[in-house]
Amino acid sequence: MVQIRAFIIFLSLLSSSLLFSQKLKQLSDLPEILKGSSGLELTDAGSIWTINDHGKPVLYQLSRDSFDIINTVYLNNNMKDWEDLASDTLGNFYIGDFGNNKNDRRDLKIYIVPNPDSITKKIFTAKIIRFKLSDQKAFPPGSGMLEFDIEAMIHFNNSIYLFSKSRGKPFKGEIKLYKLSDQPGEHIAQLMDTFYTGDGSMFENWITGAALIEKRNVLALLSHNNIFFFSCFEDDDFFSGKFQAYPLSHFSQKEAIDFDEIEMRLLITDELTSGILGGKIYSLELPETIEFCD
Numbered sequence: 003m004v005q006i007r008a009f010i011i012f013l014s015l016l017s018s019s020l021l022f023s024q025k026l027k028q029l030s031d032l033p034e035i036l037k038g039s040s041g042l043e044l045t046d047a048g049s050i051w052t053i054n055d056h057g058k059p060v061l062y063q064l065s066r067d068s069f070d071i072i073n074t075v076y077l078n079n080n081m082k083d084w085e086d087l088a089s090d091t092l093g094n095f096y097i098g099d100f101g102n103n104k105n106d107r108r109d110l111k112i113y114i115v116p117n118p119d120s121i122t123k124k125i126f127t128a129k130i131i132r133f134k135l136s137d138q139k140a141f142p143p144g145s146g147m148l149e150f151d152i153e154a155m156i157h158f159n160n161s162i163y164l165f166s167k168s169r170g171k172p173f174k175g176e177i178k179l180y181k182l183s184d185q186p187g188e189h190i191a192q193l194m195d196t197f198y199t200g201d202g203s204m205f206e207n208w209i210t211g212a213a214l215i216e217k218r219n220v221l222a223l224l225s226h227n228n229i230f231f232f233s234c235f236e237d238d239d240f241f242s243g244k245f246q247a248y249p250l251s252h253f254s255q256k257e258a259i260d261f262d263e264i265e266m267r268l269l270i271t272d273e274l275t276s277g278i279l280g281g282k283i284y285s286l287e288l289p290e291t292i293e294f295c296d
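All residue numbers for the sequence shown refer to our numbering, where the first residue is 3 and numbers rise by one.
A couple of the hints might just be wrong.
Claimed, not checked - Below, in silico cross-link-like pairs of lysine to any residue (SDA-like), each with a Cα-Cα straight-line distance of 20 Å or less:
1) Lys111 - Asn79
2) Lys174 - Lys129
3) Lys174 - Glu206
4) Lys134 - Asp83
5) Lys82 - Asn103
6) Lys111 - Gly57
7) Lys282 - Ser65
8) Lys123 - Asp83
9) Lys82 - Lys129
10) Lys129 - Asn78
11) Lys129 - Asp119
12) Lys124 - Asn80
No wet-lab data here; the hints were simulated from the structure.
Sequences and hints are given; from them, build the entire structure.
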């Protein structure tokens, strides 16, 4: 009986994986300069903007048709490890310089710029949010407490929300949720909640990007091989929503995700790894299995 149940679960996971892999659509190779694409954000007009995690502090606009670079905005700011993009209802962009692989950074920042569609200067100086995580006391903590890397961010109701990338060993699938002021200055990102996706491969399940589909009341957290959906939550109690882990069945270093309101699809990019894997942009329809709430 145990073997039969295990086989049924296996078939269920396999069928859902195959279903998903049929829906994940490769749109294009990314331009070579974007081999480190780590954040993705669309404006209300549908303009697609992305960043690299290292290199030059530049925002790149992609064509909606060819996905070639059609515009750039250079920031007159430092760049250490840019990891995600978010925007508010006024169109302002937030650039997360908070990558923290070793869990030892004391200079976490978020840069604020106006809607890049409206920026005419080729070099622009951003405003800065400097912040600390409320629960981090050691830099770095022990190997079992490496839970302070961040690669995912959204903006909601005049606040910024950060989602941690777990590097703790053994891996437990821990995701910490922090809330932070969206105003320039020095702030404390307050720990709000913690969610556990469960045991599994660190490389397949750690969180690398986030997208809030506000009109559908859906939060999507990206990993290299899964998207974790939360829906039907109240206000900013995201982890109280209905949870679904959606297998991508397509392993690569996926780092960026956002929702395209024009085409009603998710857009995803991955970093180019070893010169052969990734470096592409994909689209995905919202899974029919997500429960939407009014």
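Right, here's what the structure says about each hint:
1. Lys111 - Asn79: holds, 11 Å
2. Lys174 - Lys129: violated, 36 Å
3. Lys174 - Glu206: The hint holds at about 12 Å.
4. Lys134 - Asp83: holds, 16 Å
5. Lys82 - Asn103: Cα-Cα ~12 Å, so holds.
6. Lys111 - Gly57: holds, 17 Å
7. Lys282 - Ser65: holds, 14 Å
8. Lys123 - Asp83: violated, 24 Å
9. Lys82 - Lys129: At roughly 16 Å apart (the allowed maximum being 20 Å), Lys129 and Lys82 satisfy the hint.
10. Lys129 - Asn78: holds, 10 Å
11. Lys129 - Asp119: Answer holds: Lys129 to Asp119 is near 17 Å, not above 20 Å.
12. Lys124 - Asn80: holds, 16 Å
Violated hints, listed in ascending order, are 2 and 8; each of the other numbered hints is respected by the structure.
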